[in-house]
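Engineer: Protein chains in written order, with numbering that gives the first Met the number 0: chain A, 0 to 220; chain B, 0 to 99.
Simulated from the structure, these hints should not be mistaken for lab results. Some hints here could point you the wrong way.
Coverage of chain A stretches by chain B, computed from C-beta distances (three or more under 8 Å per stretch; other residues unrestricted) [as the list claims (entries may be wrong)]:
| hint | stretch |
| --- | --- |
| 1 | 4 to 12 |
| 2 | 38 to 52 |
| 3 | 123 to 137 |
Away from chain A, derived, C-beta distances all over 10 Å, residues of chain B [to be verified]:
| hint | residue |
| --- | --- |
| 4 | LEU12 |
| 5 | LEU80 |
| 6 | ALA95 |
Nothing here was measured: the structure is a model prediction, and the numbers come from that model. For glycine and all other residues, C-beta sits at the position ideal for the given N, C-alpha and C.
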Amino acid sequence: MSAFLFYPLAACALAGALGVVLARNPVRSALSLVVTLFFLAVFYVFLQAHLVAALQIIVYAGAVMVLFLFVITLLNLESDSGVRERPALAAAGFLAGAVVAILLAKGLLDSTVPDARGVTLGETFGTTKVLARQLFSEYLVAFELTSILLLVAVVGAVVLAKRTVEEGERDEARTMAAAEAETEAAHRVIAAHEAAHDHLDHGHAPHSGPGHVHAPAGGHH
Amino acid sequence: MIGTSHYLALSALLFAIGAVGVVVRRNVIIIFMSVELMLNAANLAFVAGANSLGTMGGQSIVFFVMTVAAAEAAVGLAVILALFRNRQTVSADEIALLRG
Numbered sequence: 000m001s002a003f004l005f006y007p008l009a010a011c012a013l014a015g016a017l018g019v020v021l022a023r024n025p026v027r028s029a030l031s032l033v034v035t036l037f038f039l040a041v042f043y044v045f046l047q048a049h050l051v052a053a054l055q056i057i058v059y060a061g062a063v064m065v066l067f068l069f070v071i072t073l074l075n076l077e078s079d080s081g082v083r084e085r086p087a088l089a090a091a092g093f094l095a096g097a098v099v100a101i102l103l104a105k106g107l108l109d110s111t112v113p114d115a116r117g118v119t120l121g122e123t124f125g126t127t128k129v130l131a132r133q134l135f136s137e138y139l140v141a142f143e144l145t146s147i148l149l150l151v152a153v154v155g156a157v158v159l160a161k162r163t164v165e166e167g168e169r170d171e172a173r174t175m176a177a178a179e180a181e182t183e184a185a186h187r188v189i190a191a192h193e194a195a196h197d198h199l200d201h202g203h204a205p206h207s208g209p210g211h212v213h214a215p216a217g218g219h220h
Numbered sequence: 000m001i002g003t004s005h006y007l008a009l010s011a012l013l014f015a016i017g018a019v020g021v022v023v024r025r026n027v028i029i030i031f032m033s034v035e036l037m038l039n040a041a042n043l044a045f046v047a048g049a050n051s052l053g054t055m056g057g058q059s060i061v062f063f064v065m066t067v068a069a070a071e072a073a074v075g076l077a078v079i080l081a082l083f084r085n086r087q088t089v090s091a092d093e094i095a096l097l098r099g
């Protein structure tokens with residue numbers, strides 16, 4: 000990628016990032032973030048990460064940012080709606096951030112990172128096929144775990160978002176009752192298992208059945 | 000010629016801007032967006048590293064980072080919604096119940 004392309008694109012990405020931090024209105028912040036995400040997708044294309052670039056647009060710009068905008072509009076947040084910013088804190092933060100940014104960028108620019116010039120990238124580098132093969136072989140466990148993570152996140156988000164103040168307590172009572180009922184059921188299942196085991200141990204296996212579930216300790220006396 | 004170090008420097012700048020956003024802004028939603036910005040900066044570093052080393056590992060990690068970020072956004076925004084319903088504010092200064 001030539002410097003001719005890189006610097007304008009990088010400037011746009013950084014401008015979007017600064018827009019996120021500086022904008023007073025949360026909607027403007029969100030839209031600035033979308034700009035940055037789009038330019039990052041462009042960089043991904045140049046770095047031969049085609050699938051990642053597509054996912055960046057679909058998942059981030061498409062799904063996550065729409066979620067952000069939905070929440071902002073749902074809460075009806077106008078520019079600085081009841082949120083007091085602190086000028087002194089902001090000045091200190093920007094100063095510290097500038098120092099960190101300059102040091103990091105300078106250090107990384109001066110570092111000797113092996114460049115793509117030294118490595119010959121294969122014809123299939125970054126294609127969906129190669130990435131998918133890796134995800135489903137080398138990272139299979141992690142991949143499956145992310146599905147569980149997403150399930151938990153979806154359930155958690157629904158549970159958290161649907162509750163209101165008044166209903167919260169009622170819901171709590173209901174979940175407590177449900178939990179108690181569940182524990183009761185679990186105890187019953189465990190008792191049934193124990194009973195079956197006891198019967199097996201004592202040689203009563205042939206007539207140990209569902210009928211003995213409610214009297215698990217009967218065989219001991 | 001633009002090399003990997005340029006991408007890493009850009010990634011560092013984006014990360015620093017995100018970190019400043021987390022520290023400076025008091026609006027919870029904007030803090031959250033700054034966190035997303037930091038995650039994206041890390042993603043750029045991963046992809047640049049994958050390109051530089053000629054291995055696909057970095058791109059796979061980006062896939063996972065995106066998944067976790069999406070899950071985090073869903074749960075975090077739900078938390079913000081619940082918080083707003085209970086406290087009618089999104090200011091990080093007023094949500095200080097745990098502060099001693």
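Engineer: None of the hints should be skipped; say for each whether it holds.
Structural biologist: Evaluated hints:
1. Counting residues of the stretch 4 to 12 of chain A whose CB lies closer than 8 Å to any CB of chain B gives 3, so the stated coverage by that chain holds, three being the minimum.
2. Only residues whose beta carbon comes within less than 8 Å of a beta carbon in chain B count, and the stretch 38 to 52 of chain A has 8; three or more means the coverage holds.
3. For the stretch 123 to 137 of chain A, the assignment as covered by chain B holds, since 7 residues bring a beta-carbon within under 8 Å of that chain's beta-carbons and 3 suffice.
4. Not every CB of chain A lies more than 10 Å from the CB of LEU12(B), the least distance being 5 Å, so the non-interface label is violated.
5. The non-interface label for LEU80(B) is inconsistent with chain A: the shortest C-beta to C-beta separation is roughly 5 Å, within 10 Å.
6. Consistency note on ALA95(B): stated as away from chain A, and its beta-carbon is indeed over 10 Å from all of that chain's, at 13 Å minimum.
Comparing the model with each earlier hint shows violations of hints 4 and 5; every other hint is respected.
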